[in-house]
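Protein chains: 4
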Amino acid sequence: MQTGFIGLGRMGSGMATNLIKAGHEVAVFNRTPSKAAALTAIGAKTARTIAEACRGPAVITMLANDEAVEDVVFGKGGVLASLGKGAIHVSSSTISVALSDRLATAHAASGQRFIAAPGFGRPDAAAARKLFVAAAGEVKAIGEIMPLLDAMGQRVFLLSEKPSIANLVKLSGNFLLGSVIESLGEAIALVSKAGVDRRQYVDFLTSTLFDVPAYKIYGSLIANDSAGPVGFAASLGLKDIKLALAAGEELRVPLPLASLLRDRFLSLFASGGESLDWSAIGKLSMRDSGQS
Amino acid sequence: MQTGFIGLGRMGSGMATNLIKAGHEVAVFNRTPSKAAALTAIGAKTARTIAEACRGPAVITMLANDEAVEDVVFGKGGVLASLGKGAIHVSSSTISVALSDRLATAHAASGQRFIAAPGFGRPDAAAARKLFVAAAGEVKAIGEIMPLLDAMGQRVFLLSEKPSIANLVKLSGNFLLGSVIESLGEAIALVSKAGVDRRQYVDFLTSTLFDVPAYKIYGSLIANDSAGPVGFAASLGLKDIKLALAAGEELRVPLPLASLLRDRFLSLFASGGESLDWSAIGKLSMRDSGQS
Amino acid sequence: MQTGFIGLGRMGSGMATNLIKAGHEVAVFNRTPSKAAALTAIGAKTARTIAEACRGPAVITMLANDEAVEDVVFGKGGVLASLGKGAIHVSSSTISVALSDRLATAHAASGQRFIAAPGFGRPDAAAARKLFVAAAGEVKAIGEIMPLLDAMGQRVFLLSEKPSIANLVKLSGNFLLGSVIESLGEAIALVSKAGVDRRQYVDFLTSTLFDVPAYKIYGSLIANDSAGPVGFAASLGLKDIKLALAAGEELRVPLPLASLLRDRFLSLFASGGESLDWSAIGKLSMRDSGQS
Amino acid sequence: MQTGFIGLGRMGSGMATNLIKAGHEVAVFNRTPSKAAALTAIGAKTARTIAEACRGPAVITMLANDEAVEDVVFGKGGVLASLGKGAIHVSSSTISVALSDRLATAHAASGQRFIAAPGFGRPDAAAARKLFVAAAGEVKAIGEIMPLLDAMGQRVFLLSEKPSIANLVKLSGNFLLGSVIESLGEAIALVSKAGVDRRQYVDFLTSTLFDVPAYKIYGSLIANDSAGPVGFAASLGLKDIKLALAAGEELRVPLPLASLLRDRFLSLFASGGESLDWSAIGKLSMRDSGQS
Numbered sequence: 612m613q614t615g616f617i618g619l620g621r622m623g624s625g626m627a628t629n630l631i632k633a634g635h636e637v638a639v640f641n642r643t644p645s646k647a648a649a650l651t652a653i654g655a656k657t658a659r660t661i662a663e664a665c666r667g668p669a670v671i672t673m674l675a676n677d678e679a680v681e682d683v684v685f686g687k688g689g690v691l692a693s694l695g696k697g698a699i700h701v702s703s704s705t706i707s708v709a710l711s712d713r714l715a716t717a718h719a720a721s722g723q724r725f726i727a728a729p730g731f732g733r734p735d736a737a738a739a740r741k742l743f744v745a746a747a748g749e750v751k752a753i754g755e756i757m758p759l760l761d762a763m764g765q766r767v768f769l770l771s772e773k774p775s776i777a778n779l780v781k782l783s784g785n786f787l788l789g790s791v792i793e794s795l796g797e798a799i800a801l802v803s804k805a806g807v808d809r810r811q812y813v814d815f816l817t818s819t820l821f822d823v824p825a826y827k828i829y830g831s832l833i834a835n836d837s838a839g840p841v842g843f844a845a846s847l848g849l850k851d852i853k854l855a856l857a858a859g860e861e862l863r864v865p866l867p868l869a870s871l872l873r874d875r876f877l878s879l880f881a882s883g884g885e886s887l888d889w890s891a892i893g894k895l896s897m898r899d900s901g902q903s
Numbered sequence: 612m613q614t615g616f617i618g619l620g621r622m623g624s625g626m627a628t629n630l631i632k633a634g635h636e637v638a639v640f641n642r643t644p645s646k647a648a649a650l651t652a653i654g655a656k657t658a659r660t661i662a663e664a665c666r667g668p669a670v671i672t673m674l675a676n677d678e679a680v681e682d683v684v685f686g687k688g689g690v691l692a693s694l695g696k697g698a699i700h701v702s703s704s705t706i707s708v709a710l711s712d713r714l715a716t717a718h719a720a721s722g723q724r725f726i727a728a729p730g731f732g733r734p735d736a737a738a739a740r741k742l743f744v745a746a747a748g749e750v751k752a753i754g755e756i757m758p759l760l761d762a763m764g765q766r767v768f769l770l771s772e773k774p775s776i777a778n779l780v781k782l783s784g785n786f787l788l789g790s791v792i793e794s795l796g797e798a799i800a801l802v803s804k805a806g807v808d809r810r811q812y813v814d815f816l817t818s819t820l821f822d823v824p825a826y827k828i829y830g831s832l833i834a835n836d837s838a839g840p841v842g843f844a845a846s847l848g849l850k851d852i853k854l855a856l857a858a859g860e861e862l863r864v865p866l867p868l869a870s871l872l873r874d875r876f877l878s879l880f881a882s883g884g885e886s887l888d889w890s891a892i893g894k895l896s897m898r899d900s901g902q903s
Numbered sequence: 612m613q614t615g616f617i618g619l620g621r622m623g624s625g626m627a628t629n630l631i632k633a634g635h636e637v638a639v640f641n642r643t644p645s646k647a648a649a650l651t652a653i654g655a656k657t658a659r660t661i662a663e664a665c666r667g668p669a670v671i672t673m674l675a676n677d678e679a680v681e682d683v684v685f686g687k688g689g690v691l692a693s694l695g696k697g698a699i700h701v702s703s704s705t706i707s708v709a710l711s712d713r714l715a716t717a718h719a720a721s722g723q724r725f726i727a728a729p730g731f732g733r734p735d736a737a738a739a740r741k742l743f744v745a746a747a748g749e750v751k752a753i754g755e756i757m758p759l760l761d762a763m764g765q766r767v768f769l770l771s772e773k774p775s776i777a778n779l780v781k782l783s784g785n786f787l788l789g790s791v792i793e794s795l796g797e798a799i800a801l802v803s804k805a806g807v808d809r810r811q812y813v814d815f816l817t818s819t820l821f822d823v824p825a826y827k828i829y830g831s832l833i834a835n836d837s838a839g840p841v842g843f844a845a846s847l848g849l850k851d852i853k854l855a856l857a858a859g860e861e862l863r864v865p866l867p868l869a870s871l872l873r874d875r876f877l878s879l880f881a882s883g884g885e886s887l888d889w890s891a892i893g894k895l896s897m898r899d900s901g902q903s
Numbered sequence: 612m613q614t615g616f617i618g619l620g621r622m623g624s625g626m627a628t629n630l631i632k633a634g635h636e637v638a639v640f641n642r643t644p645s646k647a648a649a650l651t652a653i654g655a656k657t658a659r660t661i662a663e664a665c666r667g668p669a670v671i672t673m674l675a676n677d678e679a680v681e682d683v684v685f686g687k688g689g690v691l692a693s694l695g696k697g698a699i700h701v702s703s704s705t706i707s708v709a710l711s712d713r714l715a716t717a718h719a720a721s722g723q724r725f726i727a728a729p730g731f732g733r734p735d736a737a738a739a740r741k742l743f744v745a746a747a748g749e750v751k752a753i754g755e756i757m758p759l760l761d762a763m764g765q766r767v768f769l770l771s772e773k774p775s776i777a778n779l780v781k782l783s784g785n786f787l788l789g790s791v792i793e794s795l796g797e798a799i800a801l802v803s804k805a806g807v808d809r810r811q812y813v814d815f816l817t818s819t820l821f822d823v824p825a826y827k828i829y830g831s832l833i834a835n836d837s838a839g840p841v842g843f844a845a846s847l848g849l850k851d852i853k854l855a856l857a858a859g860e861e862l863r864v865p866l867p868l869a870s871l872l873r874d875r876f877l878s879l880f881a882s883g884g885e886s887l888d889w890s891a892i893g894k895l896s897m898r899d900s901g902q903s
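Read top to bottom, the protein sequences are chains G, C, W and A. With the numbering used here applied, the first sequence corresponds to residues 612 to 903, in that order. With the numbering used here applied, the second sequence corresponds to residues 612 to 903, in that order. With the numbering used here applied, the third sequence corresponds to residues 612 to 903, in that order. With the numbering used here applied, the fourth sequence corresponds to residues 612 to 903, in that order.
I should point out that these hints are in silico values taken from the structure, not numbers from a laboratory. Since this is a predicted model, take the numbers as computed values, not measurements. Careful: at least some of the hints might be erroneous.
It does not matter which identical chain is used: a pair holds within one copy or between any two.
[Stated by the list, open to error] For lysine to aspartate or glutamate, the following EDC-like pairs were computed, each having C-alpha atoms within a straight-line distance of at most 20 Å:
no.: 1; residue 1: Lys632; residue 2: Asp712
no.: 2; residue 1: Lys751; residue 2: Asp814
no.: 3; residue 1: Lys741; residue 2: Glu772
no.: 4; residue 1: Lys656; residue 2: Glu860
no.: 5; residue 1: Lys656; residue 2: Asp808
no.: 6; residue 1: Lys632; residue 2: Asp814
no.: 7; residue 1: Lys850; residue 2: Glu861
no.: 8; residue 1: Lys687; residue 2: Glu772
no.: 9; residue 1: Lys741; residue 2: Asp822
no.: 10; residue 1: Lys850; residue 2: Glu860
no.: 11; residue 1: Lys773; residue 2: Glu749
no.: 12; residue 1: Lys696; residue 2: Glu755
The task is simple: from the sequences and hints, build the whole structure.
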C-alpha cells in the first residue's frame, strides 16, 4: 500500500522502517532531511515537501507534540491543504484530546478522513514491531489502512469511532506508566535506605508480582546509579502528564496522582533534567530521602 | 516435617492446607477453633493451645496484625514461652518492621530462631500454592524450614539475613499494589467520563502494557459496578500502608504516594467501607468526578 | 483626571464608583451596557465603544480572564488600536504572566504604555475602597496614574518595573488565600467530627492566631451549613490556581499545595459547584470525612 | 495560689516565670535541675521530686511529648501517685488526643481532676505573657485554676468540658501554622524565581492580606537566607503533625495537606534538619525549584 510518513524521530524511524519491510511504498518527510537517509537506503522515497508525502491514499504523522502537528497539518502547504478527497490522515502522535477533535472536524470539512492510532511502546519496541496500536475513528477507514497499522505493531485494537478516544487512552497509558515510575521510585528509596540492594529488589519484584516489561524497564533504570539511555525524554513525559491533566480538567476529573507526577517533573527540570529519560523522576525519592 | 500452624484466616487456611497436602505433619491452632475443622478433615492435628502447636522444630504464624502477633508470641503460654531451644518461629504475617526486629531479639534471647517469611498473593493464590514467599533470617535456619516454605508457595526468595527486611519488602509490595489500584482508579475515571466502557478499557490495558495479575484483578474489581469479593479487606490495606509510612518515617523516607493512599482509605472508611475489598479505594475517583 | 474604565463586573463596578466619587472623569464601557446605568447615574460618561473609552490619557481594564482581555485589547477596534501615543493602559484584571508580558510588548510597539495594577480584596473591599493595589511597570507612568490608583484602593504598592511581576504576585496572593481555605477546611472537618461547634472554633481561631479578614471571611463561609454569597466564583478560583501553576511551570517551580487546590476545584465542579463562592472547596473535607 | 510546675523548656520557663511574677507560689521541677536556677532566683521553690511539685491544689505540666508526659504522670513517684484527692493536674503540653483521654480517665479513677490547657504561641510569646490559653475540662475545676491560667496568657478560652478537645484544637492550630509555612514557602519560591526580592514580598503580604504575627514570623524566617533562631524545633513540628494525622485517622478524617506537611518534614530530616526551626520546611520549595 502507498503511504506518506511524516516525522522520523526515535519512534517514527522504527515505524517507517517496518512499513517498508512489510512491502509498503513509503514516501518519508522530515523537517531535518538527513534523518531520511537511513530509510531511503532501504527503499523509502524521499518527499521534499509535505505535499509530496500526501499524494497517496494515506499519510501517517508521528510528531513530538501538538505544536508540531498543528504546523504540519494546518500550516501552508500542510497535510490539510495537500491530502486528496477521501484520503486518510493517520495520526500516531501523542497529542491532546482537543487537537484530535479539531483535526477530525477539519479533515471532515475538507472531505478527508481522520484516524487516531497512537502506539504503545518505547523506541526499541517500535523498531522491533512490538507496539500495541490503539486505533479510533471510522471503522471503514481503519479497515482500509489496517495493512499499515499491522505492519507497525504486534497487535491493533479498535477503541472507538471517535478518534480522540484513542488519544485519551494513550494519555491514560502514559499516566499509568508515570505512576509505575513514581511508585517504584518510592519503594526503591524505602528499601534501599534499609540496606536492600536496589537491583536485587527490582529483580525480586519483577520475578513475582510485576513480571512485565514496564516494571522491568523502569525498575532497572531507577535502580541504576547512572542515567540510562533516553527512550522517552522527560520533557515529553511532562507534556503527556499535562495533556492528561488537561483532559481531566475538561471532563471534571481530579487526578491527584497525575498532579504529583507533574510536580515531580518540575522538580527534575529545576535541576536541569529535561533531557533525561523520564524515569529520572523515579530517582527524586532517593534525593528526597538523602540518598542520592 | 513436623510444624505448628497458628492463624487460620483466609490466607492461613490455604497455606496450612498445602502443607498437609505436601505430607507435612501439621498441628493447627486458631482462636476460633471451628476454623480448624476443614483442616483436621484432611489430616491436620488440632492443637488446643498455642503450646501444643509449638512442640516441633518449627511453628508458623499467619495473623492479621501486630497486635495479634504480640498476643500469640508474647502472651502467657505464647510462642516465646512454648517453643523449644533451637526451634524456629516462621512469621508469615504482614507486620511492622519494628515488631519483626523485636521478635528477632526476643527469640534469640530465648535460644530460639526467627525467620520472617511473608507471602505475596491473595487468598486464592495461597490456596493454589501460587504465593511468592520472601524469606529473611539466618540462612541455615531458612534451609531447615525450606520444605515448609516450598510447600506453601510457587517460589521462595532469600532476601536478607535480617528478618525484618522481608517484612519491609512485603510492605513495599503492598504499597506498590495500592499504587496500582490508585492509578487504575484515576485512569478508569478519566476515560469512563469520556464515554469509554470501563471493562473494555481494562481488557485493553491488561492485554497490552499491563498483562499481569495485579492489574487484571484490581482493574476488573474497580471497573465493575458492584463491590467484588473481599480478598484483602480495606482495613488491612490501611494497616499496611500505615506500616509502610511508619517504616519510611523511621528511615526518613518521604512517601507522597503512600500518603495519598492513606487519605484515600480514610475517605473510604468515613463512608463506611472498612470491610470492602481494598480495591474500593480505586472507586473513589469515580465518586470525586461525579460518576459514582 | 480623565480615564476610561472597561469591565463593570462585581469588582469593576466598585472600583469605577470610587474613581467617580474621587472626582475623576470616567468613561465606562461594558459588553452588557445595562451595567453602566448605576455609574452614569452618579456621573460617569457612557462609552458606546472601546475606542470611546480610550480617548484620554489612561484606560483601566478590569475583566474576568485572559480571553476577555485579549478580546478587548487585541480585537478590532480594541484598546491597542484606539489608545493614543503615550497613553497608559492600566490592567487590573487577574491575568496570566504570559499575557501581561505580551501586553507590555504590544503596547510598547504601539508607542503606548502599560501598567499592571491588580487589586487585592473581594467585591465589598472594592466598593469600600479597601483594596490593596499592587502596581508594576515604568515608575514614571505609575506616577502619572497614581491619582487613579489612589482612588481605587486604601494603599498602593510599587512592586517592580516589570508589569507582569504584579500579576505574578496577585496570582501568588490568590494561591495563598486558596491555601487558607483548604487548611481551614481540613481543620474544621477534624474538630467538627470530634464534636466541636464549627462556628465557635472559627471564632476562637480568628480571635487568637488568625485575627485577620481572610481567615474570618473564609472560616465563616466554610463553617456555615448553607452556601454563602458569591464574592469570588469557584470558576475564577480555578482559573487563578491554574495561572499560578502555569507560572510555576514556566519558571520550573513545583507547587504541590496548588496542585491539591486544583484537584479540589475539579472535584467541586464534578458535583456542579462552578458558580459557588470559591470557599466551597473548603467544604469538601466535610464530605470526604462523611460529615456533610 | 500554690502550684507545682513540671517542665522548664523553652515554653515552660516563660510560663513559670509569669506565674511567679503574678504572685503565685510555684514549686518547679525539671529533669535537668540546672534549668530551675533562673526561676528560683526570682522566687520559685525547687521541687527535688515530682511528688514535691504535687503537694498543692494544682500542678502544671509542660513537657515535650507523649512519652515525657507518660513518664512524669504514670511513672513511679509520678503525678498520678503523688497528687492529692481533688487536686488538679493542668496539662499544657501538646499531646495526643488519646493520651489526654487516658489522663482524664486515670485522674478520675484516682479522685483527682484533669484539665487540658495548651497555650498558643512561641517561646517569646510565652515569656511576654502573650499566649492564648485554650482550656477544656470540668468547668468548676477550670474556675479554680483560672488565676493560674490568667497569669500565663493574654486570654483564656473555655472550649469544652472534655479535656482532649483542647488538645485536638491545639493540634489543629499547629496544623494551620504548618500550612501557613508550606503555602508561604511555595509562594516565595514562585515569585523569587521570577526575580522578586523575598523580603520585600513578605513585607507586602504582611502589610496587606496577612497582617498577623504568624505570617510575619514565618514569612521572615523563610525569606531569610540563613537559618533563624529555633522557636519550635522541626522534630516537634513533625510530632504535632503526626498527632493531628493520628487524630484524623481515629476520626476518619482525611487530611491531605497534613500529609504533605508530614512528607516535607521527612524530607527535611533526611538532609539533617531535625533541630532547625520548623519553618525550615518552608525552604524546601526553594530547593525543589533549584534555587536553594
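Check your understanding: Which numbered conditions among the earlier hints are violated in the structure presented, ordered from lowest to highest?
Key -> 1, 2, 3, 4, 5, 6 and 8
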